[in-house]
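Those protein sequences? They're chains X and Y, same order as listed. Numbering follows the working numbering, with no gaps: position 152 of the first sequence is 152. Numbering follows the working numbering, with no gaps: position 58 of the second sequence is 58.
Keep in mind that a hint or two might mislead.
[Unchecked claim] Covered stretches of chain X (in silico footprint by chain Y; criterion: 3 or more residues with CB under 8 Å from a CB of chain Y, positions within the stretch not fixed):
no.	stretch
1	74-80
2	86-93
3	216-226
[Claimed, not checked] Cβ pair distances, simulated, as ranges:
no.	chain 1	residue 1	chain 2	residue 2	range
4	Y	LEU234	X	ARG17	41 to 49 Å
5	X	PRO72	Y	GLU86	46 to 54 Å
6	Y	LYS17	X	THR224	44 to 52 Å
7	X	ARG118	Y	ALA170	56 to 64 Å
8	Y	GLU86	X	ARG118	50 to 58 Å
9	Y	GLY41	X	LEU190	23 to 31 Å
Think of the hints as simulated: they come from the structure by calculation, not from any bench. A virtual CB, placed ideally from N, CA and C, is assigned to each residue, including glycine.
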Amino acid sequence: MPPVVEVRGVRYSAGSRQIFDGLDLTVRQGSITAVMGPSGTGKTTLLRLLTGQVFASAGSVQVLGQDVALLPRAELFALRRRMGMLFQNGALLTDIDVFENVAFPVREHARLPEPVLRRLVLMKLEAVGLRGAEKLMPQELSGGMARRVALARAIVMDPEVLIYDEPFVGLDPVSMGIIVQLIKRLNDALGITSIVVSHDVPEVGSIADYSYLLAGGKVIAQGTTPELNASTDPSVRQFMQGTSDGPVSFHYPADDYVGALLDASDIGRRARP
Amino acid sequence: MIAALRSMGAVTLFLLKVLAACGPALRRPGLIIRQVYNSGGRSLIIIMLCGVVVGMIMGLAFSDMLARFGSESALGVAAGMALLKELGPVLTALLFAGRAGTSLASEIGLMRATDQLTAMQVMAVDPMRNVVAPRFLGGVIAMPLLVAIFNIMGLFGTQLIGVSVMGVDAGTFWSQMQNALDVGDVGEGLVKSLVFGVACTLMAVYQGYHAAPTAEGVGLATTRTVISSSVLVLLFDYMLTAAFL
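Kindly generate the complete structure, drawing on both the sequences and the hints.
The structure is reproduced here in structure tokens:
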């Protein structure tokens, strides 16, 4: 089967900070692919590259067989309609209720008779277990519920690719388990290709068919969860087991600690008013 | 200086983008009507209240001033001209910037901060068309209506104090006003209210759309909205008054 996403040799900088330096990544159709890595490795930037919100300075990003950077605006929008994305905080529209939030992409892109639209939306809400919440406003939802509504919205147009940006952050264990199961179920039942960006290793590892581990702008390891767990590379081991000591430093780069504390002239100067 | 020119350029470019998005937005009248209510309907009370008070102040001050020249009968003309041509549009625009402008800027800024605008883009929906343009059109439509209401309330206030308290004859008050004011004066006020509507609403949506996605950024955007709208309104008022002389 052809890959759904193919990222080749991508370089990207935000200002003076180099975020990607030769990134390669492939997502097979129908799979759940995890992209893991410590905070600040550009996982969210990767999602922005995939949806064509930012463009790489070198290399190519192909989604569903099309090069995102070369598409004219209208075709980029057409491509985005075939993709769904779940945002970290849900990003529900706060001025309309749950039903209208899920109905939003349909109302924008298709002219469906109201009864058909209503059934479609209720089916998607049922799939995430929130049919009873259709009349609530986004402010009345808990974090986990908001994310499930956002998930219903992401699948309402029946996308071929579904992208999850940190779907587990800030959830209680029960909600987290529900989301993990939903990702797996939607992937299997609807035949969607799923890309899960996360640093919650055990959760995402339990459902991922294949994982990429990013660090320093590159893929430092890839494979199935058992393969990554068995890795002897110290950086991979540190990340998979979540230890604070290892090649990835806990400290932001700084001057010599002892020197900074013992610099008496500095203390004297600041003590005076 | 260069920074000022650059931001003027950025605002102009943004205005062109908003205008380009207005065409498609017009096909969704529901969104615009809702924004006319949000910007206009919700500003009604403060506009009406301030209109009456401003009118009452004019009733007092103008009667006193005109009495010194023995021409209290000109109260209607003086108040009518001041309201229609200057005070109505300018004060309404300043109140609008404080009431509707700030809420537009903070609403759009918060939508930016909570990824709602990005989410729309990813859903292949253009936020310029769906969020910015309807709010812009709503504000531009609401402003002349608010100015008209402000003027009516203002004349009512002037009449209330001038005629009932200061003793100007009611017949003289209205007939002098009717004789001295013509369609041109009303037109001047209308043009001003449209220009101010564009200026105030544009500043609000521009600042909101470009707000930094933080609590501080949204706060800054609302402050900037009030300041830039107020300065623009007064500058444009001077230019338009000069042009209509």
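Hint check:
Residue count for the stretch 74-80 of chain X with a Cβ under 8 Å from a Cβ of chain Y: 3. That meets the three needed, and the coverage hint holds. Chain Y is given as covering the stretch 86-93 of chain X, and this holds because 6 residues of the stretch bring a CB closer than 8 Å to a CB of that chain, at least three being needed. A stretch counts as covered by a chain when three or more of its residues have a beta carbon under 8 Å from one of that chain; for the stretch 216-226 of chain X and chain Y the count is 0, and the coverage is violated. Our hint of 41 to 49 Å for LEU234(Y) and ARG17(X) holds, since their Cβ atoms are close to 43 Å apart.
Between PRO72(X) and GLU86(Y) the Cβ separation comes to about 49 Å, which falls inside the hinted range of 46 to 54 Å. Range check, LYS17(Y) to THR224(X): about 47 Å between beta-carbon atoms, so the 44 to 52 Å window is met. At about 59 Å, the CB distance of ARG118(X) to ALA170(Y) agrees with the hint of 56 to 64 Å. Range check, GLU86(Y) to ARG118(X): Cβ separation about 53 Å, and the 50 to 58 Å hint holds.
Taking the beta carbon of each, GLY41(Y) and LEU190(X) are about 43 Å apart, not inside 23 to 31 Å as hinted.
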